[in-house]
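Start from the sequences, fold in the hints, and give me the full structure.
There are 2 protein chains.
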Amino acid sequence: MVISKNMENLVANSSVIRRLFEEGVELAAVVGKENVYDYSLGNPSVPPPKVVKKAIYEILESRDDNFIHGYMNNSGYEEVRDAVAQSLNDRFDTDFVRESIIMTAGAAGALNCILRTLLNYKDEVICFAPFFGEYRSYISNFGGETIVVPADTKDFQLNLDVLDDYINEKTKAMIINNPNNPSGAVYSAETLDRLQKLLEAAEKRIGHPIYVISDEPYRELVYDGVTVPFMTKHIKNCLVCYSFSKSLSLPGERIGYLAIPKQIDAYEEMQAALVVANRCLGYINAPSLFQLVAKECLYEETDVKAYNENRLLLYNSLTQMGFECVKPQGAFYLFMKSPVPDESQFVKEAKKHNLILVSATTFGCPGYVRLAYCVSNDMIRRSLPAFSALAKSYGMKGEYSV
Amino acid sequence: MVISKNMENLVANSSVIRRLFEEGVELAAVVGKENVYDYSLGNPSVPPPKVVKKAIYEILESRDDNFIHGYMNNSGYEEVRDAVAQSLNDRFDTDFVRESIIMTAGAAGALNCILRTLLNYKDEVICFAPFFGEYRSYISNFGGETIVVPADTKDFQLNLDVLDDYINEKTKAMIINNPNNPSGAVYSAETLDRLQKLLEAAEKRIGHPIYVISDEPYRELVYDGVTVPFMTKHIKNCLVCYSFSKSLSLPGERIGYLAIPKQIDAYEEMQAALVVANRCLGYINAPSLFQLVAKECLYEETDVKAYNENRLLLYNSLTQMGFECVKPQGAFYLFMKSPVPDESQFVKEAKKHNLILVSATTFGCPGYVRLAYCVSNDMIRRSLPAFSALAKSYGMKGEYSV
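Protein chains in written order, with numbering that gives the first Met the number 0: chain F, 0 to 401; chain L, 0 to 401.
No lab work stands behind these hints: they were computed from the structure. Accuracy of the hints is not assured; some may be wrong.
Claimed, not checked - Simulated restraints on C-beta separations:
id, chain 1, residue 1, chain 2, residue 2, range
1, F, K53, L, A265, 46 to 56 angstroms
2, F, E7, L, A388, 51 to 61 angstroms
3, F, Y393, L, D64, 38 to 48 angstroms
4, L, K232, F, N8, 28 to 38 angstroms
5, F, N12, L, E98, 17 to 27 angstroms
6, L, D64, F, G394, 39 to 49 angstroms
7, L, Q85, F, G394, 52 to 62 angstroms
8, L, N88, F, Y266, 48 to 58 angstroms
9, L, E98, F, N376, 34 to 44 angstroms
10, F, E77, L, D64, 27 to 37 angstroms
11, F, K169, L, M395, 55 to 65 angstroms
12, F, Q262, L, D64, 31 to 41 angstroms
C-beta: ideal position from N, C-alpha, C; glycine also.
Below is the structure:
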């Protein structure tokens, strides 16, 4: 092997996801693409709002080419950072300033900047199951260890009862994803306030700060009148990683930001280091044109109507059939309990009905599967008979009415 | 300190570059922006060619929004990779295929993917002075050590006479930048063939491959009828990192590619790992719109006329004045020997004449300074009296005729 040992592990685990994709492709080749019900991907189905295209044209027509496509401060254009800070302050009553904001290559870029900044070899980062499996990769980029707090499968809030057992002097950070991929849960203000109290005690115990990395690509994707508490209002040492991928349907453009509230421990030290990290990790700066585009779209309301219709259709139908589902309040994922303990068997069985589901072992939560409902409403409708047959094969009613 | 030890070093060294920038700003505030002759930045002054804007409009008007801005294969769109492979094969008689190409966030993204893939903690990467100082940061991202082969100040070709002394069993890679930033030198085919022979012997000695990472953002910026040898035709274990930043004046958009020739040792292993690295380092994929734009611009000739005029004006004038300069054959940097051994003194003296030059200690080559001539021709003309006064203050003739 010529590649690093660390990379060997990543490549070996990566093949699980690749295999799922390839299986879907093979199945489509056999039964026809329209007869495959692929619930595996988190690729937004809602198109970007009209304001995005409008902004691109306006920028191309009114601003200098060398400005639009050239280098700027590693943190991003001043006018963009000012606008982002203002929009956060307007909506969430925060006190961000220009220096608090670093435009990043999506939330993934922001996450990596923070981990690069904080982690010494073998430092620990806590993740709460179920969690987005890629966090493991990001943490391992810098020699860190991922520590998984098991899921609280009662209500999929953070499992705070056991958290303290997982914190020790090597704990440098934890990652919170609110709304959560894959469970669709929204952590409440009460949960976050309790987390803050636990953190204060733990930080005293271990003698240094524990930074809470808030990964927020689904912040605007909420339903049933639920609001997502703004994390820095509840957690002191909180760093916000935002992405426009889901709210503006621009996942390919790699545009987001890191927001650093002044309240964190060692604000100046962290802010200076995070700017350096954005450059030295090879991002250099967030893509220039789309920084300017994002600035024009900061107050755009995300149209969640289509996702909500999908959510209700899928959740209601599957629940009627007898499947045990977590009712999602945010994001565009449905978390379902497998009818059998080994969910990989359930996933295999589902595939016989042309249903592609994701085993949640990859999210640290065995016994569950994830369905991404950022698909066409039509595909969901057409898949219901397949789900019904699947339910019946496990002795469930399988009946539903839409 | 809350940040990692590794990051502490980076931030401390980063302040040198930041100080240079801030000094320029302070100076501009005192004497007026038009009276500061800032030769420090490598920000292309030539605007993007018209074909770029044309391509953006065409793509926006003819292709589906979810396609343009959505996720795709981590390596990039199939059609883009096919086109990149074909364009390389057409121009350089190579045999790249779709799988050989990974679209990356600039050459910086490609470099980081390779280093992530190869480096175990404390593995070594060789850089040849003078070299782009950021390589140190990229190498340190993954716990690697930068080993610097001193410059060959005779002709600024690679210092191959001493190379073997720097190779040991921890050597995993070396970075070559052709044309070179900061010297402007172009490594000849002879130099590269000699390097390949040395590598073959060294690889036998240490028992594993040494990958040559070719950083090529200036490939098209060449003068005097010089051609840059295509690296993979001379070096077997060569990975090509290309960027459109300089050739299309799109540095802010972060678009480039990694080309992996089938001839390298462990091709399948490396190719699979590099795709995973592109995702796990948080790039996810190269920015989508500009992948499609780059595809339309692959055969665009870079207009080097403006850079060439600057090159000749600056080199001829300064040489007439008595400064000792390396005549650049590529890129847009001029490398000048400091009249005094401690070039930081020379840089300080130059600042008194409102000239901002970069001390080359940061490039591993003390006693030299770098001037970036990707500036307006007008600024160069206006700065010549200042250079003349500076030359005279060191007892040089200081005379020139343009």
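(request) Given the hint of 52 to 62 angstroms, check if Q85(L) and G394(F) actually sit that far apart at their C-beta atoms. (result) Cβ of Q85(L) to Cβ of G394(F): about 56 angstroms, so the range 52 to 62 angstroms holds.
(message) Looking only at beta-carbon atoms, does the pair N12(F), E98(L) fall within the given range of 17 to 27 angstroms?
(response) Given range 17 to 27 angstroms: holds, Cβ gap about 21 angstroms.
(message) Taking the Cβ atom of Y393(F) and the Cβ atom of D64(L), is their distance within the range 38 to 48 angstroms?
(response) Holds - the Cβ-Cβ distance for Y393(F) and D64(L), about 40 angstroms, lies within 38 to 48 angstroms.
(request) Take the C-beta atom of K53(F) and the C-beta atom of A265(L), compute their distance, and say whether it sits inside 46 to 56 angstroms. (result) holds, 48 angstroms
(request) Mind checking the hinted window 48 to 58 angstroms against the Cβ distance between N88(L) and Y266(F)? (result) For N88(L) and Y266(F) the Cβ distance comes to about 52 angstroms; the hint holds.
(request) For K232(L) and N8(F), compare the CB-CB distance with the range 28 to 38 angstroms and indicate the outcome. (result) holds, 35 angstroms
(request) Can you let me know if the beta-carbon spacing of Q262(F) and D64(L) is within 31 to 41 angstroms? (result) Holds, at about 39 angstroms.
(request) Could you see if the CB distance from E77(F) to D64(L) stays within 27 to 37 angstroms? (result) Taking Cβ atoms as reference, E77(F) and D64(L) lie about 29 angstroms apart, which means the hint holds.
(message) Quick check on a hinted range of 34 to 44 angstroms for E98(L) and N376(F), using CB atoms only.
(response) About 36 angstroms separates the Cβ atoms of E98(L) and N376(F), which means 34 to 44 angstroms holds.
(request) Note whether the CB distance of E7(F) and A388(L) lies within 51 to 61 angstroms or breaks it. (result) holds, 60 angstroms
(message) Quick check on a hinted range of 39 to 49 angstroms for D64(L) and G394(F), using CB atoms only.
(response) For G394(F) against D64(L), whose Cβ atoms are near 44 angstroms apart, the range 39 to 49 angstroms holds.
(message) Quick check on a hinted range of 55 to 65 angstroms for K169(F) and M395(L), using CB atoms only.
(response) For M395(L) against K169(F), whose Cβ atoms are near 59 angstroms apart, the range 55 to 65 angstroms holds.
In summary, the structure agrees with every hint in the numbered list given earlier.
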